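A.B. asks: In case you want the letters, here they are:
Protein chains: 2
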Amino acid sequence: MPSYTAPQKDILFLLKEVLNIDEVLDFQYFKDVDMDLVEPIISEAAKITEQEIQPLNQPGDQQGCSFKDGIVTTPKGFKEAYQAFVDGGWMSLNSSPEFGGQGLPKMLQVALDEMLTSANVSFSLYAVLSQGAAHALQDHGSDLLKDKFLHKLVSGEFTGTMCLTEAHCGTDLGLLRTKATKINDGSYSITGTKIFITSGEHDLTDNIIHMVLARLPDAPKGVKGISMFLVPKFLVHDDGSLGERNGVYCGSIEHKMGIKASSTCVMNFDNAKGYLIGEANKGMQTMFSMMNIERINIGLEGLGLSEVSYQNALAYAKDRLQSRSLTGAKYPDKQADPLLVHPDVRRMLLTMKAYNEGNRALALFAARLVDTSKHHPDAKQRELADNLMAIITPVIKAFFTDTGFECTNLGLQVFGGHGYISEWGMEQFVRDARIAQIYEGANGIQALDLVKRKLVMNEGVFLNQLTEIMSAFITACHDKTELNEFVAPLESYLKTLVDVSYWIINQAQTHPNVVGSSATDYLKLLGLVILGFMWLKIVAVASKKQEQDNFYKGKILTARFYFKKLLPEVNTLKEKIMAGADSLMDMDEDLF
Amino acid sequence: MPSYTAPQKDILFLLKEVLNIDEVLDFQYFKDVDMDLVEPIISEAAKITEQEIQPLNQPGDQQGCSFKDGIVTTPKGFKEAYQAFVDGGWMSLNSSPEFGGQGLPKMLQVALDEMLTSANVSFSLYAVLSQGAAHALQDHGSDLLKDKFLHKLVSGEFTGTMCLTEAHCGTDLGLLRTKATKINDGSYSITGTKIFITSGEHDLTDNIIHMVLARLPDAPKGVKGISMFLVPKFLVHDDGSLGERNGVYCGSIEHKMGIKASSTCVMNFDNAKGYLIGEANKGMQTMFSMMNIERINIGLEGLGLSEVSYQNALAYAKDRLQSRSLTGAKYPDKQADPLLVHPDVRRMLLTMKAYNEGNRALALFAARLVDTSKHHPDAKQRELADNLMAIITPVIKAFFTDTGFECTNLGLQVFGGHGYISEWGMEQFVRDARIAQIYEGANGIQALDLVKRKLVMNEGVFLNQLTEIMSAFITACHDKTELNEFVAPLESYLKTLVDVSYWIINQAQTHPNVVGSSATDYLKLLGLVILGFMWLKIVAVASKKQEQDNFYKGKILTARFYFKKLLPEVNTLKEKIMAGADSLMDMDEDLF
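Residue numbers (this note's numbering), protein chains in the order written: chain A, 1 to 592; chain B, 1 to 592.
Don't take every hint at face value.
Because identical chains share one entry, a pair is satisfied inside a single copy or across any pair of copies.
With a straight-line cut-off of 25 Å between C-alpha atoms, the simulated BS3-like cross-links for lysine-lysine are [claimed, not checked]:
no.: 1; residue 1: K495; residue 2: K564
no.: 2; residue 1: K79; residue 2: K47
no.: 3; residue 1: K330; residue 2: K221
no.: 4; residue 1: K480; residue 2: K330
By construction, these hints were calculated from the structure, which means they are not laboratory data. Every value quoted in this text rests on a predicted model; they were computed, and no experiment measured them.
Could you put together the complete structure from these sequences and hints?
C.D. replies: In C-alpha cells, the structure reads:
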C-alpha cells in the first residue's frame, strides 16, 4: 500500500520565504491570525490527511460507492473520517467568520487542499464541492437563505453540489432543459435530470444542498436564459431543523475509470422545491463564483496526485536493485545498483519533482492573489490580483492536471510491471488523475477560455500585467551573477511568450480558428514560462542559503533540470502555434 | 459499447501501393502465394476480428479472469472464439509450412495482429505469445522437441509462454534464481518461481508450453549463466498424446489496471521436467528469438488500441452537438454544431490519425524487412534488413506504445465526461494500452537498447544504413515540386537526426551517462523522423492520385498536419538531448 508524507518543509519554505505570507497576514482582515499559527496549522493538516484520510484511499478504490434504492453508501470509514474532518474545523478554514468560518488565508486552504488530494481525491471531493456552493450562496444568496443554509455548508454539517451537466450538454450549457416554475410562496418548482453530479447523494451528512442550473418559463434561449437555484435534499425549517424530503433523488451512480469512492450521480428533480440564487437569467455569472473556486481545487488534484506518486516512486527507486550504473557499479557490495543510479529513472523522477515544486509554488502564488483580491487595502491591487487570477486560473486547472497525469504515469513507469498491479497503488493515482483533465471544464475548454476571453478579448491587458511582474522580477535579478543561468533563458522565453501572444491576438481578427488551433499549445507554453518564473523566485531565495542547508541546494539543482530539460518545449510550442489553423481545418469531415 | 471496423482500405493501400508486397511475393519462398490471395486474407481477418473477437472485449474486461485452486477461467466466450481462431488457421499464418504453418509473409501477419489488438488485446495475448515460443523452438530446439511440440504450438492446439521475470528481477535477468538440474534421462528438473507470466495458466487449450529461463549448477554468474528450458504443463508421449501433469502450477493471478481478460500468473516450478533449448548458458540469445518477435507484437498493441479509439472518438465527434464553430454556426438548423467543427477536437483526432497511419506504414515496412531478412535471395539484402530491424524494433515497441497511450487518452478526452465512464469503453482502451509501455522490456529499456547497443556500440553503422535509405528516397523526390512542402523539412529533420546521433556517439566515449540521459528523447526523435519518411512515401503515391479519389487527398492533408504540428517536436528533443546528463546526475540521492 502506498504511503504519504505531507511536504511540510516545502510548503513552509514557499509560504514564508518565497511568497511572504507575513505580508498577507498584515492585511486588516487577518488581524487575528498570527504568524505563529502557520506552522501548527500545516502540521495538523498533515496529521489528519496522513493518518485519518490517506489510509482510506486504496480500500475506498477497491470497495467503491454502492447504490441501492436511491441510497448511496460510501466506502467503510469515510463517514467517520468526514466527521473527524468537520470536527477539526477543516471544512471552514478559509470561510468567513461571519458564517462560522475561521477566516484564514486562501494560502493555507490551498496548502490543505493539496494534502487532501494527495491523501484521497475521492474523499476530498465530498469536501471541496461544498466550498464552491458556499461561495455562490455567500456572494449571491439572500440573507434568508444564508441564515438557513450557509452556516451548515461552511461547517460541513451539510455538503453542497453543482448541478450543471445534462445528458445532451456539458460544455454547452446553453442547451440545458431543466425547468423552474415559480410557485406561490416565492420559491420554485424544479424538474429535470442532471448527470455527473459529484457527491449528489451519499451517507456522510443529513442534508445535501444542490446548486442547480435551470431555465425559467419564457427565459431567453441559450446561456442568457439560465438561472441558479438552491435545492436542498431535505427542506429546512426556520428553526434549522430538517423538514420534509424534497423531490430530488439519485437515479443511479456511474461506474468510472477512477475516483471510485466518490459518488457520481444521475440526479432526478421532480417538482423539487428550489430557491433562486442571484438574479433570474444570470445563473452563468453565479455559477462562475463556484466554478473558479473549483477549478483551482481540481488543478490541485493534479499536483496532489503527482506528489504522492513521486514519493512512492522515489522510495521504490532507492530500494529496488536492478542493473548497474552506466559508469560502473555504484554499490559493488550489493547484487545490483538501485534504480536511482540510472539516468532515465532520474529523468522521470526529476520531471515529477520539478513540476510538483513549481506547480506548488504557482498554486500558493495564486492563493496569495486570491487573498490580495479580497483583502488588500488598495483597490487597484485588488483589481490587479483579480486580473492575474483570470489568466492564471485556467493554467492551474489544465496545466496542473495535464502534468499531473503525465507525472502519475511516470511514477507508475518507475515501478515497471509492479506499477500496473493494483496492490501497489500506483495505477490508482493514474486513474484518479485522469478525470481532472475533464471535469469542471475539459482542458481544451480551459485553453479556449484562456486564449479567447483572457487574452484576445481584452487585447492582452491581463497578459501584460502578468508579464510586467515577471519582467520586473527578472530585471531585479540581473545583478545576481549566480542567477545568470536562469535569468538569461527566462528572459528569452518570456520574449517568446509575448511574441506568440501578440501573434495570436493579431491573427484572431482575421482567422478566428487560430484561437482554437493555438489554445492547448498556448496554455502549455504560458504554464511553462510561469513555472520558469516560479523557479526563478525559488532560486533567488535558495541561492543565498545553499551552503547552510542541502534543502536549498536541491532547489537549485531541480531548477537547473527544469530549465535544461522541460522549459525548452516552449520552442516547439511556438512553432506549432505559428503553423496556424489550416492544417487542422482544411480536412473535410468525410476525409477523417 | 465501442465498435470496430478493420482499416482494410488503408492496409491494402500500404501493402500494394506504398510497400509493394508483390516484390516480396516474388521471393522463391512465397512461390505458392498469389497476389490474389492478399485481399481475401485481409477481408477474412477483418471478419473474424470484428465479428468474433471484438464483441468479447468489453465483457471480458468486466468479467476478468478468475482463479481458484490453481485453475484459471477465462471470460465467457473466449474458449469458443479461440477455437474459431485456431480452426480458421489464424494462429499459423506466418509459420513455416514444414511445421504446419501457412508460410504467408510477415506483412500479412502484422496486418492481422493489428486488427487483433484493436479488437481485443487480452484475447490477442493468448495467441501472440505462442508465436514467440514457437519461434524460439524452431530456431534453437532439437528435432525431437520440434516433433513433439512445434506443430501443436504452430496450429494453436497448445499455447506458449515466456517465463523470464522473477519477483526481484525484471530487466536485470542476470539476477534470476530459478534452478535447473540435469536428470538421468537427459532432461532437467526445474525449480523456482516466476511472476507476471502472461497466459501462464488458462482454460483455452489442453496443454501450455513454458519457455523458462533458469540457471544450471555452477553456471557463470549473471546473464552468461542463463539457459532456456521448455517445460510443458502436461508431458507429451512419443505418440503425441498427453502424459502426466508436470510440476508447474499457477499460484495466483494478478489484479491489474487493464488487460483484465488476460491471465497474468505467478508460476511455481517444483521439480518440473524441462528440456534444454539451444546451448547451455546461452539462454539470453535464445530468448531474444522470442523477444524480438514479441516486441513488434507489443508495439502493435499501441497502434491497434489507438486505431479503435480513433474510430469511436471520430464517430462521437461527428454525432455529438456542442457549441458553435468559431467562425459561426456550421449547422444553423441544428441546436449546436458537431464537435468536429472545433479546432481543438480536430487537433486531437488528427494527432491520432497521423500517428496511426504513420505507425501502420512503419509496422508494415518493418514486416517487409522481416520477410526480406528471411527470404531475400541476396545475402547482403538479408543482412541489411536484419540491421535495419535491429534499430527499428525498439522504435516500434516504444514509440508505438507511447503514442498509443497518448492517443487512447486523446480519444477518451474527445468524449469528455463520458470518456471516463466505463460503459462507453474509451477508458478501457487507455487502461489496456498502459501495460504495453512496460512489458517485454519497459520503454526506457528499449531506448537504452537503441542508443547503447544499436547506435553507440556499432558507431552508427546501422543508423547510417537507415539514413541512407531515407536520403536516397528524399533525393528521388526532389524533382517532384508537389512534394516540396514535405521534402525540404524532412531533409532538415534528417540532418538533425544525424547530427544528434553523432553527438551522442562522440559524447558516449567520455560521458557514459549521456547514453542514458538521451535515450528516451532520442528514441522519440528517431521515431518522429522515420514516421516523416513513411509519410513522404505515402504522399509520393497519393499526390499522383488525389484527383481520382478523396482517400488520397486525405493522405496529403494528414501528412501536412503531421509535418506542421507533430514533427517540430524534433527540435525540442534535440535541445533536451544536447543539454547532456549533468542536470540529471548532479543531484545527490538524498536531495531528491
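A.B. asks: Report the numbers of all earlier hints that the structure fails to satisfy, in ascending order.
C.D. replies: 4
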